[in-house]
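Residue strings, one per chain:
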Amino acid sequence: MKRREFLKDIAIGSLFLNISTLLHPQEKGFPHIALIQGESPSDITREAINTLGGMKKFIARGDLVVVKPNIGWDRNPQQAACTNPEVVKTVIELCFDAGAKQVKVLDNPCNPARRTYVRSGIAEAAKKAGATVLFPNPHHLKKIAIKGEWLKEWEVYTDFIETDKIINVPIAKTHSLSRLTMGMKNWLGAIGGKRNQLHQNIDFAMIDLSSFFNPVLTVLDAYRILLRNGPQGGRLSDAMLYKTIVAGTDYVAVDALGATFFGIKPEELRYLQLAHQKGMGEIHLENLNIAKKTL
Amino acid sequence: MQKKRSKKYRIIQALRIVSQSFFFILFFYLLINTRFPGEDYIGHVEIFFHFDPLLAITTFLASRAFFGTFLFALITIAITIILGRVACGWICPLGALHQFFSFVFKKSKLLNPKMPQDNHTVWKYYLLLFIVAGSVFTLNLAGLFDPFSLLFRSFTASIIPGLSYIFSNFLGLLYKLNLSSLGDSLVQLVENIDINAIFSQSFAIGIIFISIVLLNIKKERFWCRYICPLGALLGLFSKWNLIKLKIDSKKCIQCGLCTIHCQTQANPFPEDQWKVSECVYCYTCSAICPTSAIQFHLKAIPERTAPINLSRRRLIFTSILGALAVPFFRISPSTARASEKLIRPPGALPEKDFLQKCVKCGECLKVCPTNGLQLALTEAGPEGIWTPILVPRIGYCEYYCSLCSQVCPTGAIKELTIEQKTEVKIGTSWINKDRCIPWKFGDPCIVCEEHCPVSPKAIKLEKIEVKLPDGTIKTPLAPFIDIELCIGCGICENKCPVVDAPAVYVTSIGESRSERNQMLLDIIKSEEDI
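Protein chains in written order, with the working numbering: chain A, 1 to 295; chain B, 1 to 530.
The following block holds chain B by itself, in its conformation from the complex (with noise of 0.2 Å):
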């Protein structure tokens, strides 16, 4: 028999190589330029997300509340049905990174294939089935396994700032060995890329992310095969495809090349076995086989595949379990009241409403030009870990910018006009007057005040007495907090000079968008008015 490789099926598979980097560059891209633009409204930088049916359906399903964009999820769900799982071997970024990986590992010796025994590929229809059980009762935890919201988080929270750190820490170098002229034009080069280089829990991020990766020694796409529940809900619509795998049993000589090297354990070995929900039609088998024996046909007749091997008790039992986890997640004391450093994003929804929606995703971490926004770790429950709190010893909330409202992928922090924004009150801040200079010193400091960007400034200065311990009298300008006005923007406690514990210190209390954290009553200040 001749040995021959595939020449068509070799150029389909770069042709898909093609196509992944073409995705990642392009997701990478737009990551990038989430970012402050140049002017107050952003484009669609996070449109990859628009086209993810599990968020879709996760948060339609935990918010009730249908969020129009998410109809470009209808465009991979029928791409699905009609060509099968293609957007996992051809367009998923993170699909692309695994395989370049699992190919490195490869080349490297550090992974090397074997004939797949294990039935585990099932392992992510379940936990696609817990996140849809959770979501039906309104637990949203889509976010933490999403392959979108994991790669884009994990790179703007750990990859982008590790490498901000690198680059700065280079750049330092330079200008030590007086190669100032090179570092300034590398400087300008960059300086429109903004970076938010500072993120609480870039470690944790950072090591998951990389664990997730490092899967890929033990197996080729480890996650696409065992975890992802996108790719899980994808497998379920492929079934009726339009391409299906044929082996031409002349050629075959049953080397089980084909499968050992499978990227995701689709089984193309023996043809009877083939799982057509597993296959992402890398092109991998028909371009490796060595006898040119593998084919795949358009054909419209749907075929009789391997199905999905998964045990009903199974599912009962991930289901129950999906239902269960919904109070496991919400007991927390920040669901009883409200906690005063779950400072919210303006234009974010009542918290309740807002977990429903947020998928994590890291768009708004990613865009706020001062870097204030963060992941929360407790402050809204096991819920909301990763869930953006501003954090406004990082980084205050800009007056004139609504970016994060503007690419909040699910809504859950609604879209906000600039004129809007600047009415939103995410919290009130407050004077520690045992650590203020001129409240506990006597010696001038108007830094909050003159930062504070409402007009009138919500931060007023009176002259004070200040009895030192030596008996002397000193009359300041000392700031006081108008509540009214103050919209919790947090620029304040972030320019403060007590720089450890700032002596001016923003809490939820106030927000706009909550009811319950109120401290007024409402008929008082009516009163007022009058």
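Chain A on its own, in the form it takes in the complex (with noise of 0.2 Å):
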């Protein structure tokens, strides 16, 4: 082996090497995250995926894709208690768009989820474009490994395990415990077991989750944004029409970018603080190559 080969070669597996850029791929040229500002919230939606480089970067051909919205509340899209049924719905266009072989759509709400899945619009949304609707069926839970800090096994739908690709669309809510829920609380919906208790160290399961669960890009729905009463509102003044969509790679940091929306500092949230300590991803909005684009 020459030498020149071998220095190329440690530096390719230098790269693999950096967890982070594994986990994140970042090319060259596109942003780390697209804010996009608009009236249509699927043509933002759109836009987001594409200033990121499009759909076809993050899924394959063939892919099998979980798409986790928050299905969470026995509320309408009005009251900006769930994801944008548009914006999942775009999602899944997309997803099949780039080939994807199948897109699976399901959440664990709090209320029945016969009656979330309908009232929040997205059981029809996702229906119409193709994804396979599925209510959370109680015999896929099984006890797994999480392998976190804090948190080393719960019981997990394996339908977040079994499958290629998991895009996190959530929606962004008020929290009187979290301060705020957007991507990393959302996976609080794709467990079950006594999740309740976890609310007894929040921040340290909302990081150990997502650090589990991985999604290759979320898509904060911020089209409107829940103000008060979260995390289900309930009276039309407690949401607020925002017309935004951030998406990343990087959830910490769309998160980080959507906690600005309420006029919180990310660096102000425990488990942003948490989760940028250690090494998941930026917090820092200065240190972002952010897209902002208004349709």
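In case anyone wonders, no lab produced these hints; they're calculated from the structure. Positions of the beta carbon are idealized from the N, C-alpha and C atoms, including for glycine. Mixed in with the good hints there might be a few duds.
Unchecked claim - Label-pair distances were calculated between CB atoms; the ranges are:
hint, chain 1, residue 1, chain 2, residue 2, range
1, B, E462, A, K128, 42 to 52 Å
2, B, F203, A, Q273, 48 to 58 Å
3, A, Q273, B, K463, 19 to 29 Å
Starting from the two chains in their separate frames, assemble the complex, guided by the hints.
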């Protein structure tokens, strides 16, 4: 082996050794995060993903994809307690355009799934886009090693494990414990068991679950954001039209950017601080290459 | 003499079986569809009950109020007056079930019908009188014995949960055997069939129902023959009807098969002993007759048939008993003072009116999307056994749901729109600070607050100071209840991580339907508003 080749191999190998690079592949020329504003939820979602380089960057031909929206509450889209159905639909469509074989949509809600799936409008929208909409099946729950710093093992819906790619499609809302619930909190909907006990150490639960599920892409729906009475709102005045989508592979950065919509500095959120310290992602917005656009 | 069974009546008999199967399936179909339909409003899945004259009469008498949809019961009465008890023989799903099991027991030689000797068919008339007498004095016990209520309640609270248990274990087995794709397709097949699988009295309800079915071993259609008060009521109307039995005495060989196999002991032979009020027009006698001697003719002129053999003395005795039952069913602490666990579904009338109307059918239990509505045992006194109560530990009252009020066949739960329902308070939530995680240990937990569905939330979080035994001081956010905003839905109790005896719990006080079960003077509230 020639010396030059050896060095080249080392250089390539070291690239793969950098885990955070491996987890969140960054290609030159594309921004870290897209922040798109506009009137149509589906247009801004599409634009956000295209800005990042298109869905083909994340989804390969023949992939089985799980899309995880927030379908937690028996609330309609105007109440902004669940992800906007148009956003979910667009993400699914883009997955299929990129060649996905199957797209599954599921969430383990707080109110009965039969109700939340309907009133949120997500079941209908996702089915229209061709996705397989599944109610959380208790027989799919399996105790799995999370291997987190705090959360060692938990009951997880195997649909999120027996898949090629996961895309997180949360909505931005206030929450009385973690202050905000966006991408990282959304993973409490992918698990079963006595998950209401996780609130006793919510920040660590969010971090451990996020690094466990590790989505290839996070699309934060801030078309409407929930300012009060989170995480389920109620009155239409609890929600505010914000007409924004944030997309990115660095889910910590996506949440950090989302926090600013509520006038909260990312550093103020404990879970983001901790996630950043652990090297899971960036929370200092000045270090991020954010592509902003208004349609 | 030529021995030949009548082809005509065997066809009619087959038609009757088709009709019974159809109505049983219809009843079952409506029962299964008594669930969250995927939208806020549900159709008339409770339609069977509206055709029930027993419930119509007793509810009318007990509550002194008429519920419009019970006009359908007049149709049943009209049909009975014209055609006799065809409703029992051709339509009643419980009758069909009894007949089916009687057939099974006969075929399996468990039941060997003999020539009936007894006159016990009159029991049901006394039971009817007992119930009606009670309802005159505002005690509505019809639901305990009404066939539709019995069948619906038993299927809802016992049979279907039992089947669901078996099914879910079968699924578990499939997944264990790594047949998950088969399991998945089965799950998706039934995913919209909402099943409430947990009922506190499943066992008792099931034992009663199975016993009633097993009574068919003793006598064919035992329930219909001796107990059913609805059958008795229709029997009273079945005297002047047009279809009359006629035995061709030339053909009759006096074998007695017709009377032995008569499903309801109507005594077709001898002809003058035929009890028209017992006949359910199943046509077994005319189909089984070896010489085709039995015919049913249309006859406009009323004929003398054997009367219902009721003793006047017993009639008076049962009426008195029915009246006397009222205090016995009413003596209960719950009538003196509201019971904390007596959380009624939203829209339920004030307790007294509610009990007069509730027929314990189980429609609301079946439709409840969270399984929270359960059968009362002692909470509402003896009178209120098997009436619905909300048990938040099993299921809470869903905020945007008024299904129970929509399916209630008697208006015991007043029909509400979703908007009206969200205004109804069914109880009030309380914190047990001795068990609450932030209050007791100073650790974070906001689960109740997070789930509170009203906006602004009825559970507020405030920073408190907790001094632990080792002297450390913690300052967690702890829940406080705003009783003005709380609607008593119980989601907080249901989701509380302190699962065995939740640290937040609902009691009935403050319920909008009651004037007495309140704690704060209205006068104080209105002063605050100013």
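Now the hints, each set against the structure:
no.: 1; hint: B:E462 with A:K128: 42 to 52 Å; result: holds (45 Å)
no.: 2; hint: B:F203 with A:Q273: 48 to 58 Å; result: holds (54 Å)
no.: 3; hint: A:Q273 with B:K463: 19 to 29 Å; result: holds (21 Å)
Comparing the model with each numbered hint stated earlier shows that all of them hold.
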